[in-house]
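Here the structure of chain A is known, so what remains is to put chain B in place on it, guided by the hints.
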Amino acid sequence: AQSVTQLDSHVSVSEGTPVLLRCNYSSSYSPSLFWYVQHPNKGLQLLLKYTSAATLVKGINGFEAEFKKSETSFHLTKPSAHMSDAAEYFCVVRYSGGYQKVTFGTGTKLQVIP
Amino acid sequence: EAQVTQNPRYLITVTGKKLTVTCSQNMNHEYMSWYRQDPGLGLRQIYYSMNVEVTDKGDVPEGYKVSRKEKRNFPLILESPSPNQTSLYFCASSLGREIYNEQFFGPGTRLTVL
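Going down the list, the protein sequences come from chains A and B. The numbers in the working numbering rise by one with no breaks, and the one at position 43 of the first sequence is 43. The numbers in the working numbering rise by one with no breaks, and the one at position 106 of the second sequence is 106.
Next comes chain A alone, as it looks inside the complex (with noise of 0.2 Å):
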């Protein structure tokens, strides 16, 4: 079975520091990856995506994520915090072969402190 696991809930930094969101999958097939963005009281927004092309993806608001096969990881990354990034974080996963299940991770609530 399909599975993503973001190895935090909660996640604490400084603004202006950097974020590291982590997100590890299961190894079969070939996966897509996603990151998606809720802000509190908000729909879901798709920040990046991982489709098998180059392993280093840039996404918005300066967000990016790489794809490391050999540690089944996607984790998301920031250089620099701001205030507006506060908000619950979403690794997703869809695999090929056959099924169309589309998988979430638990979440990454991101706090961003002054």
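Because the hints were derived from the structure by calculation, they are not lab data. As the structure is a prediction and not an experimental result, all values here were calculated from the model. The C-beta atom is built at its ideal place from N, Cα and C for all residues, glycine as well. Incorrect hints may appear among the rest.
Unchecked claim - Partial chain A-side listing against chain B, Cβ under 10 Å, derived:
| id | residue |
| --- | --- |
| 1 | S9 |
| 2 | G43 |
| 3 | L46 |
| 4 | Y50 |
| 5 | S52 |
| 6 | N61 |
| 7 | M83 |
| 8 | V102 |
| 9 | F104 |
Chain B alone, transformed into the frame defined by chain A:
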């Protein structure tokens, strides 16, 4: 404007009273899906549809029904709601069934079952 719409946005009901949450997209997307979001659990897929008249179960289908009679609409039906179905529900669509397609989310429906 390209969008996914859901109605109602908020609903309070009582146990056993049938209800329908509507979902509509104006992007001619093939793939549509329903999720529920619960604290600490992320989003879990209820049902998905790869095209008209083609639906399949996600990870938590018990107590829910769906239909896809038209490409643009994908209603979620709760025949006999119970308190454990109190949750935040999201509808989403994507262009096609290919796994690299990102999903576009509706604004959410907050359901309370008393």
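Structure-based check of each hint:
no.	hint	verdict
1	S9	7 Å, holds
2	G43	5 Å, holds
3	L46	5 Å, holds
4	Y50	9 Å, holds
5	S52	8 Å, holds
6	N61	16 Å, violated
7	M83	23 Å, violated
8	V102	5 Å, holds
9	F104	4 Å, holds
Going through the hint list in order, the structure does not satisfy hints 6, 7.
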